[in-house]
Amino acid sequence: MDAGCVNLQDRFPTLRGIMDVLRGNVTLTAGLVIFFTLFLITILAPVIAPHDPAEQDLGNRFASPTPEYPLGTDQFGRCIFSRTVYGGQISLAIAVISTVACVLIGILVGMYAGYYPRLDAPLMRMTDIFLAFPAIVLALPIIAIVGPTPLGIILAILLPGWAKFARVIRSSTLSVKSSGFVEASKAAGATDTHILFRHILPNCYGPIIEIATLGLGSKIITITSLGFLGLGVQPPIPEWGTMINQGLTMLEKAPMIALSAGSMIVLFVLATNLIGSELRKIIDPRSDTIVI
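In the working numbering, the protein residues as written are 1332 to 1623.
There's no promise every hint is true.
Pairwise CB distance ranges (calculated) [stated by the list, open to error]:
id, residue 1, residue 2, range
1, Asp1383, Leu1598, 22 to 30 Å
2, Leu1375, Pro1453, 46 to 54 Å
3, Ala1475, Val1431, 23 to 31 Å
4, Leu1375, Lys1517, 17 to 25 Å
5, Gly1593, Asp1451, 39 to 47 Å
6, Ser1502, Gln1387, 48 to 56 Å
7, Ser1502, Ser1395, 51 to 59 Å
8, Asp1383, Ala1452, 50 to 58 Å
9, Pro1566, Glu1514, 57 to 65 Å
10, Leu1439, Leu1371, 26 to 34 Å
11, Leu1439, Ser1395, 50 to 58 Å
12, Phe1512, Leu1579, 49 to 57 Å
13, Lys1584, Met1457, 48 to 56 Å
14, Phe1528, Met1457, 17 to 25 Å
Calculated directly from the structure, the hints in this document are not laboratory data. Here a beta-carbon is modelled for each residue, glycine too, at the ideal position from N, C-alpha and C.
I would like the entire structure built from these sequences, with the hints used as guidance.
Laid out in structure tokens, this is it:
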């Protein structure tokens, strides 16, 4: 491997090494357990859910929790537990896709802005423009044009979301490009592309991993916020933000509608925050935590 590049195997050489890290880091272990538990519950919703989330039974409205309906039923007699576990599928899928897209765009914009001084000013001024607008302000016209569909939500998150990632990657690139091994590569005749993707990018893994995991949690909040405002995936498709919106008016009769969805959001965001901050400490213990 080229000198100066970060080799993650140095920190996680074997499965035993990974287990040693987890045993010595309760916070990271707790975050991973919560995250993968929620992930498996969502993925295995067709197996776990006792009912079709859209199945209505008007004769069984606002039923109390029972073995058949673990969290009771809503105003249409639908199983709240089934809707809760199904509600994360679209939210998680959109969050993962939009986060990956934001990271990829942020990497390209941030690295090229940090490496090429002539591109720094125009790229960062463009980034500043997107950072100047609240995300919800940019999301509203996009949803209005494209519609409250998964594609519309992804675009609404992606348009303002990549700018924060670009800022973080630019900062890391500026720090790394002045290193001795980068200068040595230039002296050896390495191309800019080789330097960017073989030297600078691997040394940015720490912040990239952290902003990706922290960004995943923030994307869940944005998606559910759009659903809460009626701009997300439309009923009868279950979605956590929509469930909270519907449940607020029925807290006395069926509090679990809002509480179940809200609890899933809190746990998921908590897990991503724990994982992101702890992984960054492991990969680059000298750095401070990044806030996304």
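Do the hints match the structure? See the list:
no.: 1; hint: Asp1383 <-> Leu1598: 22 to 30 Å; in the structure: holds (24 Å)
no.: 2; hint: Leu1375 <-> Pro1453: 46 to 54 Å; in the structure: holds (47 Å)
no.: 3; hint: Ala1475 <-> Val1431: 23 to 31 Å; in the structure: holds (25 Å)
no.: 4; hint: Leu1375 <-> Lys1517: 17 to 25 Å; in the structure: violated (51 Å)
no.: 5; hint: Gly1593 <-> Asp1451: 39 to 47 Å; in the structure: holds (42 Å)
no.: 6; hint: Ser1502 <-> Gln1387: 48 to 56 Å; in the structure: holds (52 Å)
no.: 7; hint: Ser1502 <-> Ser1395: 51 to 59 Å; in the structure: holds (54 Å)
no.: 8; hint: Asp1383 <-> Ala1452: 50 to 58 Å; in the structure: holds (55 Å)
no.: 9; hint: Pro1566 <-> Glu1514: 57 to 65 Å; in the structure: holds (59 Å)
no.: 10; hint: Leu1439 <-> Leu1371: 26 to 34 Å; in the structure: holds (33 Å)
no.: 11; hint: Leu1439 <-> Ser1395: 50 to 58 Å; in the structure: holds (53 Å)
no.: 12; hint: Phe1512 <-> Leu1579: 49 to 57 Å; in the structure: holds (56 Å)
no.: 13; hint: Lys1584 <-> Met1457: 48 to 56 Å; in the structure: holds (50 Å)
no.: 14; hint: Phe1528 <-> Met1457: 17 to 25 Å; in the structure: holds (22 Å)
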